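K.L.:
Now for the letters of each chain:
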Amino acid sequence: MVVLFGLFLLTLLVITALGIVNADNLFAAVMLMGIFSLQMAAIFFVLDAADVALTEAAVGAGVATMLLLGALALTKDKEKRRRRRRWPAIVIVTVTTLMMIYATFDMPRLGDPQAPVHQHVAPWYLSETPKVIDIPNVVTAILASFRGYDTLGEVFVIFTAGVGVMFILANGSGNGRRTMVPSADSTGLRHHLVPRVVGRLLVPFIVLFGLYVQFHGEYGPGGGFQAGALISAGLILYALVEGEKEALRAIPLSVLVGMIAFGAFLFGAVGVVGMLFGGNFLDYSVLLSNPVAGQHLGIMLVELGVGITVTGVLLTIFHTIAARRKDH
Amino acid sequence: MEFFGLYNYWVFAVLLMIGLYTVMSKANLIKKLIGMSIFQSAVFLLYITMDKVEGGTAPILKPGVDGQIYSNPLPQVLILTAIVVGVATLALGLAIVVRISESYGTIEEDEVREIDRE
Amino acid sequence: MMPIIAQLPILQVVVPLMAAPLVILLRGRNLAWFATMAASLFAFAISMNLANRVREAGPVSYEVGSWPAPYGIELYVDAFSALLLIVVSGASSFALLIARNSLKHEVPEDRQHLFYTAWLLALSGLTGILVAGDAFNIFVFMEISSLATYILIAGGKQRQALTAVFKYLILGTIGATFYLIGVGLIYMMTGTLNLADMAARLHNVADLKPILVAGGFITVGLAIKAAIFPLHTWLPNAYTYAPHAVTAFIAACSTKVSLYVLLRFDFFVFQDNLPGHVAQFTAFLMPLAVIAIVLASLIALVENDLKRLLAFSSVAQIGYILLGASLVSVTGLTAGISHMFNHALAKGALFFAVACLAAGGARLSVTGLSGAARQMPLTMAAFVAAGLSLIGIPGTAGFVSKWYLVRACLELGPWGALLIAPVLVGSLIAVLYVWRVIESAYFASANQSDKLTEAPRWMLAVLWSVVGLNVYFGLQPTLPLELAASAADTLLFPYD
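First to last, the sequence lines map onto chains A, B and C.
Position in the first sequence (from 1) plus 1311 gives the number in our numbering.
Position in the second sequence (from 1) plus 1126 gives the number in our numbering.
Position in the third sequence (from 1) plus 1355 gives the number in our numbering.
Just chain A, with the same shape it has in the complex (with noise of 0.2 Å):
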């Protein structure tokens, strides 16, 4: 039955593809984005990825969205119709699809036990994560502890995104210091009741489950990036219904710049505290007495400095495309 359901989403998902392709009008193009990214979380829960599906649904058809929302809004949202077909990239694209169908067949069948995947570290994992580490998701062990070194490069990969956006986009005025001007119509949706009525309602529970995602990460799905991603919808939900003044006088955007540069570095600095008490890098072990209450110290240190720098990151990124008038 479970296999029915995943065979009808995977076809449904080429069928958006193909949909998304065929799409002359962008802002329906971008919708269809989202549900792509939609359906792929689900199909990631039918394979029982439960954290990739949430992050794919809260980074893919969440933020995605919002970032191309926003470009269409500073662009135009209407692509130019063309007649021909581009031969070159069909051939091209064929011969790799090709390669990959040959590829196939020797591929392990889905699900087998013994495939080599799951023969080597995987298990190791699975027994190793409750003696050394003693948390129950073990993607979470993996992801903050074993290969933490990766996804101390994945925040800097955010933290780097942030950067090039204020880099490429910052309205810039020449004394120094970076001003943002909301413009003029930055009152945002307050002159519609009913949105503005749920929307404050629906902050604080979406900041709240944010909150929730980020500390209960150990023990579900979860952790630092999904967290990240909520609590900043929650606050740009704020931001559109209040508008640009008001939120950026809730936030500024100093403090969130700072906010980004902290969460990176208390990453960072949770790895150098380890070599300093003896350990290697990033070594949660030595933090404390009790190597496993280390290993629970060091991996909620930096959840939470991912959580703070991916809030501070996509806030930024929102206000930096909201500051930016369509005629600059």
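Think of the hints as simulated: they come from the structure by calculation, not from any bench.
In this text the structure is predicted, and so the values were computed from the model without any measurement.
Every residue gets a Cβ at the ideal spot worked out from N, C-alpha and C, and that includes glycine.
Mixed in with the good hints, there may be bad ones.
[Unchecked claim] 25 Å max Cα-Cα, derived DSS-like pairs, lysine-lysine:
no. : chain 1 : residue 1 : chain 2 : residue 2
1   : C       : K1564     : C       : K1522
2   : A       : K1387     : C       : K1522
3   : C       : K1806     : C       : K1459
4   : B       : K1188     : A       : K1442
[Stated by the list, open to error] Coverage of chain B stretches by chain A, computed from C-beta distances (three or more under 8 Å per stretch; other residues unrestricted):
no. : region
5   : 1132-1139
6   : 1166-1178
Let chain A serve as the given structure and place chains B and C on it in line with the hints.
P.N.:
Using the frame of chain A, we list chains B and C on its own:
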């Protein structure tokens, strides 16, 4: 039964093709970025397909339940990172497109090339 | 307290990485630059130290988080990594010295702290790739360095910088995603991400089809990033429109790091495990290398824009490196790897000269440079010297690697003699395009309307130091050659 297992991989291959085709043949810069997202999502599907174990469940350990089969946690960790990398690239790409739109007045690749040629 | 020396591999990455969130908060006039310079010099010192360690004691391993490989992420530094670490951190430091002056005209002051933050991120990304021993870790740092590089290039003054960086972004992401697919396929068949572990476990894999496809994807993906012909199309525009210091930095190292990953995978992982791999490697890459050398040099010959000319010259030089590697012999690999070092010196110097020319107000095209040598004698003399190194005149760094390349070709017997032809032809064409610039600068009559001044003394000092290094390593190539030879040995015989 073999077929059902391979279906995942074929969908991956097809999505890869659709994404790559969009990037290469569409001239609108935002469409290209969307195509790139589809292309990257296809890769996520490849990795996550690998993690499923028959009869398994999400790798969140349930204390006191013996003999529970868990699906593989490692591909999930990798893809969590890859999703974030993908959205970071998208953010940068869109920022550049916004600037191009302001500088050139268009976001169609061939029109931009024409303007550059002048 | 763990001795600091054992922590060097991770410090190489952590120092610039952790400096980035600090630099983003700095607003003073030159504070951001100072902090970045300090971090870059620190990284350079670490790289020299690591190189010494590797020369004395062999490859260095490091377990991040104290988790044993392959469960945790392992860092692995050998002669190949060490040499390139010196190139990357050295290029970064020198380019930063130039950037202090050259950036003023290109990036508005209130955004410079963001620019330098991105610089540190690019540096950490590149060093992160070089010390990594885990395939996915390479991907993460590859993306950090790519994204940071896009930001740096986008700082270019002209609007073509934006289109150039967009094209680079699209192609670079496709390349990185192809790499990710390849790694995924190998993971699917071996169950591990650690490079050494992968190589060992591949012995036991019976069905090789996915591995072949993986090899294809990884090679194509990295070829895009390394600007191997014909996937080099993003490079000329990206180099031309980036800020001058950025061009010097990335011309010296970013494509070489991608080549490093390619060679690492090919020799560490695939070599012993895929039958006929060596033959395929040679058959596939050698023709591309030769075409790159000849074709790109010819295009450089007819190019008028100075930076574009040098960019195409870079594509040709990548061809030289690849040619050496595709010979799959100790001499060939030594030639290729040492050329990574020598080309960085030569091209770095050339792009620094371009930055000086720009600072003096010259127009950056072959025709626009007419008579420039009269008002900017020191800059042009440096350009000439660096040009000689590029061509490969004896006494310069460029000569050493070309000499090794010729020797490696001769080792192949009669076939090899044929290969020397493109090598020499490439050098000959290089003579021609360098001569075009010299002729215009020295012998053409000056433009009346241009008022040129000599470049600032600070920039000239940096420029001439790098030129000096070209000569030094041309006459005393022991350090890079030793590391390159050791690297070649490790690549060809990883398990001895």
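K.L.:
Quick one: which hint numbers does this structure break? Sort them smallest to largest.
P.N.:
1
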